[in-house]
Amino acid sequence: MSGLLLQILCLMFVSACFVRADSADDETDSIIGGTTVVKGQYKYMALILKKKGTKTTMCGGTIISSQHILTAAHCFEAADLPYDSVAVHVNDYNNSPLDSSAITRSVLDQTKDIRKHAKYDKDLRTDDIAIVKLDRVLTTAELTNVAIVSVLNTTLTYAGSVGVALGWGVTKSDFGTLISRSMQQVSLNIQDDDLCDALWETKYVPASHLCTFTPKKAVCWGDDGGPILVNGVQVGISSFSKANAAAAATGTAPICERGSVFTRVSTYVRNGWIQENLLDPIDISK
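Using my numbering, read the sequence shown as starting at 11 and increasing by one per residue.
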């Protein structure tokens, strides 16, 4: 039996193999099985650090205009707002400490400048998309926008494609740490809706999601909000992954190797949500 088939059967039928994704606590968002990004690549990648009291949490994101970052809505759950501060770092590859080349911006008004989709569902993670407005524009020298899927290609499913996911977080080599010291990348196989339905059941909503399954590779804690790219074009936003309960309990292996789900960017290009939220109106939904 192939390793891929064995893992799929484990996901579908053996409850002891993993924690079922019945709640947000069973889902995790860091790159497993990836490699370190070379400085100068992916200059549109953003590191979002949210501070509240003594606790700092993080998300990824991508630059989509001189003053806007595309990320996940679950990075800013209502129960967690407001934060003491929200800082956005670009041109940063190492976060412990930050690169000397890092460019930092802030989010001044967390009510107005964090634009979550109005129909975001915390439990299903549908419409898990948000746009963050920076306090100051990035200059031409600082700015590298990510390419997002065009209106002409919004009907593509990307099933069968290989995507590259980016982020900071738990890795095989540093299990137990909260984040990776350097930005990581990993190649993931985008699956068709039938397999995604089998893996995720009611948690997978094709209009809102695309999913990946690649043995020993996934996104996990710390990669929330970061991109998955196909041929350099962003087609998804990291939303959630399967957790390996046994590994999490013992600390002997990475907890995330069970597949990942991303917000399907093409849906929000096609219905105009992304373009509309680069303007003044807040919480526009289609």
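Please note that a few of the clues may not be correct.
[As the list claims (entries may be wrong)] EDC-like, lysine to aspartate or glutamate: derived pairs with alpha carbons at most 20 Å apart: (1) 122 to 152; (2) 62 to 87; (3) 122 to 94.
In case anyone wonders, no lab produced these hints; they're calculated from the structure.
Exercise. For the pair we were handed, residue 62 and residue 87, check the Cα-Cα distance against 20 Å.
Key: holds, 13 Å
Quiz item: Hey, residue 122 versus residue 152, does the alpha-carbon distance stay inside 20 Å?
Solution: Violated. Residue 122 to residue 152 sits at ~24 Å, over the 20 Å cutoff.
Self-check item: Hinted pair residue 122 and residue 94, Cα distance within 20 Å
Solution: Holds: residue 122 and residue 94 sit about 16 Å apart, inside 20 Å.
Of the numbered hints listed earlier, the single one contradicted by the structure is hint 1.
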